[in-house]
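A.B. asks: Listed here are the chains, written in short residue letters.
4 protein chains.
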Amino acid sequence: MIEHDVQIRVRYSETDQMSYVYYGNYASYFEVARVEAFRHIGFSYKEMEDAGIMMPVLEYKTKYIKPAKYDDLLTIRVRIKQKPGVRITFDYEVYNEEKVLLTIAETTLVFINSSTGKPILPPQEFMSYFEKFYAS
Amino acid sequence: MIEHDVQIRVRYSETDQMSYVYYGNYASYFEVARVEAFRHIGFSYKEMEDAGIMMPVLEYKTKYIKPAKYDDLLTIRVRIKQKPGVRITFDYEVYNEEKVLLTIAETTLVFINSSTGKPILPPQEFMSYFEKFYAS
Amino acid sequence: MIEHDVQIRVRYSETDQMSYVYYGNYASYFEVARVEAFRHIGFSYKEMEDAGIMMPVLEYKTKYIKPAKYDDLLTIRVRIKQKPGVRITFDYEVYNEEKVLLTIAETTLVFINSSTGKPILPPQEFMSYFEKFYAS
Amino acid sequence: MIEHDVQIRVRYSETDQMSYVYYGNYASYFEVARVEAFRHIGFSYKEMEDAGIMMPVLEYKTKYIKPAKYDDLLTIRVRIKQKPGVRITFDYEVYNEEKVLLTIAETTLVFINSSTGKPILPPQEFMSYFEKFYAS
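Chains as they are written, first to last, in the numbering used here: chain U, 8 to 143; chain Y, 8 to 143; chain F, 8 to 143; chain W, 8 to 143.
Bear in mind the hints are in silico, worked out from the structure with no lab data behind them.
Model, not experiment: these values are computed from the prediction.
Among these hints, one or two may not hold up.
Copies of the same chain look alike in the list, so a pair counts if it works inside one copy or between any two.
[Unchecked claim] With a straight-line Cα cutoff of 27 Å, these simulated BS3-like cross-link-like pairs (lysine-lysine) come out: (1) 106 x 53; (2) 68 x 90; (3) 70 x 90; (4) 76 x 106; (5) 70 x 106; (6) 53 x 125; (7) 76 x 139; (8) 125 x 88; (9) 70 x 139.
Make the full structure from the sequences, and use the hints.
C.D. replies: Here's what the structure looks like:
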């Protein structure tokens, strides 16, 4: 299993008038977390996209347990629990500085050939990386 | 069952470099849809909040079937399928002008007393409205 | 002079924990206002972009006089005071329902050929429209 | 003069379909920069707000010289050139990793007593800090 932690400080722009992080703003935290997890294992999402593969989100689920607040230094823990194929699923947990679990979430994305618009397998070097971890 | 349609035109700010509506931006469309559904049946979310009840989101799930694009005039169809209690669940469907279904989603919110931070039942006049629809 | 009014209702996502519309969110209101002003005079920004002309913003200035609040039904008044060339300048005023002036702003955009990245004059039919208004 | 640099990596959510950072999204970068400049000199904007002082933006001007792009690691250089009073002005420059200047901006904010809604001078310890720098 691949696991990576990313820290994000809550911006004022991300709060709403309940003084909570607006429920829609977590999506960009999860995007940052999965991109940084990719970078951590040696893959650049930007380069993959420049090379003609894009990764739209197919499914997104989240549970809000406690609110994140302004200026909180959040830890986003992201996990890839299953070997990716045409699809890849990420799990997320959001913690504040007191290690309190605030939010859990899951996203499923698909690898798409930008030219054809068709689903494809991820690049070979990406797959090879995962072979090491999920080999029988 | 309560059902209401709201139209929202996609803003440039809501697109990303895939030329899709960014997956995190649907959350604000669903917020608009549920607030307008409330207004349609005679309730103002703003007034409810001013009166000391707030409604944070507990759970949010969405499936992205096809992308919404810049300048699309979307129809957000929102439904309240079950009589609300301390919690209320909304279902959503997003259609483009060609009546193609782009996205489905569900959110569960909780009524909270702003002073105590505790869950409470919605205001009586709100409940009365629903009694009519979900009566035995 | 071309003048057009657009109504926008403030979304919860656009508020911050001061209970003001976050100062950065007006930019998308102004974007909507200028796109709707274009639509009003018969031009679609989307079609122009599809035809290979894009319009990045060069300059943006705004003064915040009074805060816009959640659920306010704002009127954005947009004006094109000068005949456009390679550049086009829009002026904006934001009013609430009580006709109180909340914000004033100005943006200057440039017409760019998407293929070459170079500034160009706007399409002829666009220019012709303005000839009528600003002719000597 | 007080000067501080902050690094911000561009999120996918912040791009638009021109593949530029949307012009409205710089406002939150500048917010982060000024809050981090405050933290750097020993002041927490959050604590100031908790203590009853808020700082809405009065004026915001920006010039877009070159676009910031997805995944760029931006440096936001923020300067406080004049001793603050009831108002405080910040200047900003945005650079990419190649040290190319992308954007310049200026914001003026006002210190407000949250209870009365009236402008006030900043806290004494804040002012004392600036006395050192701007003393005659």
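A.B. asks: All hints are to be evaluated individually against the structure, with a verdict given for each.
C.D. replies: We went through each hint and held it up to the structure:
1. 106 x 53: Classified as between: cross-chain Cα gap 20 Å, same-chain 31 Å, threshold 27 Å.
2. 68 x 90: both (20 Å within a copy, 23 Å between copies)
3. 70 x 90: both (24 Å within a copy, 21 Å between copies)
4. 76 x 106: For residue 76 and residue 106, only the intra-copy Cα distance (14 Å) is at most 27 Å; the inter-copy one is 33 Å.
5. 70 x 106: Within one copy, since 17 Å is at most 27 Å while 30 Å is not.
6. 53 x 125: both (19 Å within a copy, 25 Å between copies)
7. 76 x 139: Neither, since 39 Å and 33 Å both go past 27 Å.
8. 125 x 88: within (24 Å within a copy, 36 Å between copies)
9. 70 x 139: neither (32 Å within a copy, 31 Å between copies)
Hints 7 and 9, counting from the list given before, are not met by this structure.
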